[in-house]
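Enquirer: Residue-level listing of the chains:
4 protein chains.
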Amino acid sequence: MSDKSLSDLKDALRTFAAERDWEKFHTPKNLAMALAVEVGELIEHFQWLTGDESRSLTPQKLDQVEEELADVFIYLVKLSDTLGVDLIDAAFRKIAINSKKYPAKRVRGSAKKYTEY
Amino acid sequence: MSDKSLSDLKDALRTFAAERDWEKFHTPKNLAMALAVEVGELIEHFQWLTGDESRSLTPQKLDQVEEELADVFIYLVKLSDTLGVDLIDAAFRKIAINSKKYPAKRVRGSAKKYTEY
Amino acid sequence: MSDKSLSDLKDALRTFAAERDWEKFHTPKNLAMALAVEVGELIEHFQWLTGDESRSLTPQKLDQVEEELADVFIYLVKLSDTLGVDLIDAAFRKIAINSKKYPAKRVRGSAKKYTEY
Amino acid sequence: MSDKSLSDLKDALRTFAAERDWEKFHTPKNLAMALAVEVGELIEHFQWLTGDESRSLTPQKLDQVEEELADVFIYLVKLSDTLGVDLIDAAFRKIAINSKKYPAKRVRGSAKKYTEY
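One line per chain: the protein sequences are Y, D, R and G, in this order. Residues 123 to 239 (the working numbering) make up the first sequence, in order. Residues 123 to 239 (the working numbering) make up the second sequence, in order. Residues 123 to 239 (the working numbering) make up the third sequence, in order. Residues 123 to 239 (the working numbering) make up the fourth sequence, in order.
In short, the hints are calculated from the structure, not lab data. Do not take every clue at face value.
A pair holds if it fits inside one copy or across any two, identical chains being indistinguishable in the list.
To be verified - DSSO-like, lysine-lysine: derived pairs with alpha carbons at most 27 angstroms apart:
| no. | residue 1 | residue 2 |
| --- | --- | --- |
| 1 | Lys216 | Lys132 |
| 2 | Lys216 | Lys146 |
| 3 | Lys223 | Lys146 |
| 4 | Lys183 | Lys126 |
| 5 | Lys216 | Lys126 |
| 6 | Lys216 | Lys227 |
| 7 | Lys222 | Lys126 |
| 8 | Lys183 | Lys222 |
| 9 | Lys146 | Lys132 |
| 10 | Lys183 | Lys216 |
| 11 | Lys146 | Lys222 |
| 12 | Lys132 | Lys222 |
| 13 | Lys223 | Lys183 |
Looking at chain Y on its own, in the form it has when it is part of the complex (with noise of 0.2 angstroms):
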């Protein structure tokens, strides 16, 4: 596990859009936007594989797709903090809402919220 936080990643990002004098483009909309596209850029690696298959990519895949998955936790985190928003409390807090939506001892199983849908 990294000795480093989300909060040492946070200040990180904010040093390298300050000293590129790159805050000006970073409206939220904009960062929302990156992200999605940094999404889909995670995505194309997995758009031919059967669910199996992306279990078990190759070691150059997997390079690939973590370098991805990096672009995406970057615009993700640099957005959250644009917007002042704690992303680990908020995920708990969703964490709590979805415990209460999906209680374990009536969809264990019958995977109801993927079934029904």
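Starting from the known structure of chain Y, fit chains D, R and G onto it as the hints suggest.
Expert: For chains D, R and G alone, coordinates are given in the frame of chain Y:
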């Protein structure tokens, strides 16, 4: 700042899926697709706004955006965990690559990355 | 097959926007973003299905998918019209490019495009 | 305007895939994912532009955008054909639905759809 870490979140998501027996749906391909779906829901909030408008969301809108950011983050962490990728490390490696690709001295002010594109 | 043409659709969409004074929102940037949002809603229907399952949708699900396909198409036609691009011509030009890039004799059976990726 | 029709395009795409034995990759799920990938490449061209800038692309940029529009269109037509959906008819049905949902008299000038969101 949250007192939880990315590692705590990863653990919470593993438990959440295990309690519901949902791992079978979570192939990397499916998770990547779910991530793309959530990003679509996120950018929907910004689609008709100008860049300036996107900088000053109403509190109500910001709450909605925060929930979408959480969804994106959750699937990104799930997908990375499934593939064995450490997101923080991957992001710092990418920043190092970008620092060489776009040296601050050369691109500062000119925003070369953006205007040349 | 429909007795309407793509040109009829383009005209109908121009009228629809003009009657509502919505052209001001329809910058290429915004239309491209709206297109991405609709594609997110489309792929949501397929995210947890296997490839085989996606080939045999229920009639009810197919109706929902059809409506999403329509939304994607509408924004694609709007965006192309705004930019002065003839979609049919552009697609045939792209097929010609792809025919040279992936000669049938060479890639047949090997699915080179897919497996090499 | 092109002298080819959407129906001609559908036929050309069927022939293209058959000649290469690529139908096996073309499940609706995979085609939907490929469509999302192409939309990502399309919106990349607009991500850092203002709305006004996106209205006046250089000829070189417009050529690139046109090629991405073609890719999006090709996968949209493939996916619709695979599912047996007539895109033109579906789009006109959707316009009829939207006409009732957003009556011109009520929304004109106020852009209710956009501002209420």
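Enquirer: So, for every hint listed, does it hold in this structure?
Expert: Here is what the structure says about each hint:
1. Lys216 to Lys132: both (21 angstroms within a copy, 14 angstroms between copies)
2. Lys216 to Lys146: Only across copies: Lys216 and Lys146 sit 22 angstroms apart there, 31 angstroms inside one copy, limit 27 angstroms.
3. Lys223 to Lys146: between (40 angstroms within a copy, 20 angstroms between copies)
4. Lys183 to Lys126: For Lys183 and Lys126, only the intra-copy Cα distance (25 angstroms) is at most 27 angstroms; the inter-copy one is 31 angstroms.
5. Lys216 to Lys126: both (24 angstroms within a copy, 14 angstroms between copies)
6. Lys216 to Lys227: Answer is within: at 19 angstroms inside a copy they meet the 27 angstroms cutoff, but 40 angstroms across does not.
7. Lys222 to Lys126: Result: close only across copies, 21 angstroms inter versus 32 angstroms intra.
8. Lys183 to Lys222: between (38 angstroms within a copy, 23 angstroms between copies)
9. Lys146 to Lys132: For Lys146 and Lys132, the Cα distance is within 27 angstroms only inside one copy (17 angstroms; across copies 33 angstroms).
10. Lys183 to Lys216: between (31 angstroms within a copy, 16 angstroms between copies)
11. Lys146 to Lys222: between (41 angstroms within a copy, 21 angstroms between copies)
12. Lys132 to Lys222: Between copies only: 19 angstroms across, 31 angstroms inside.
13. Lys223 to Lys183: between (36 angstroms within a copy, 22 angstroms between copies)
This entry satisfies every hint, going by the numbered hints stated previously.
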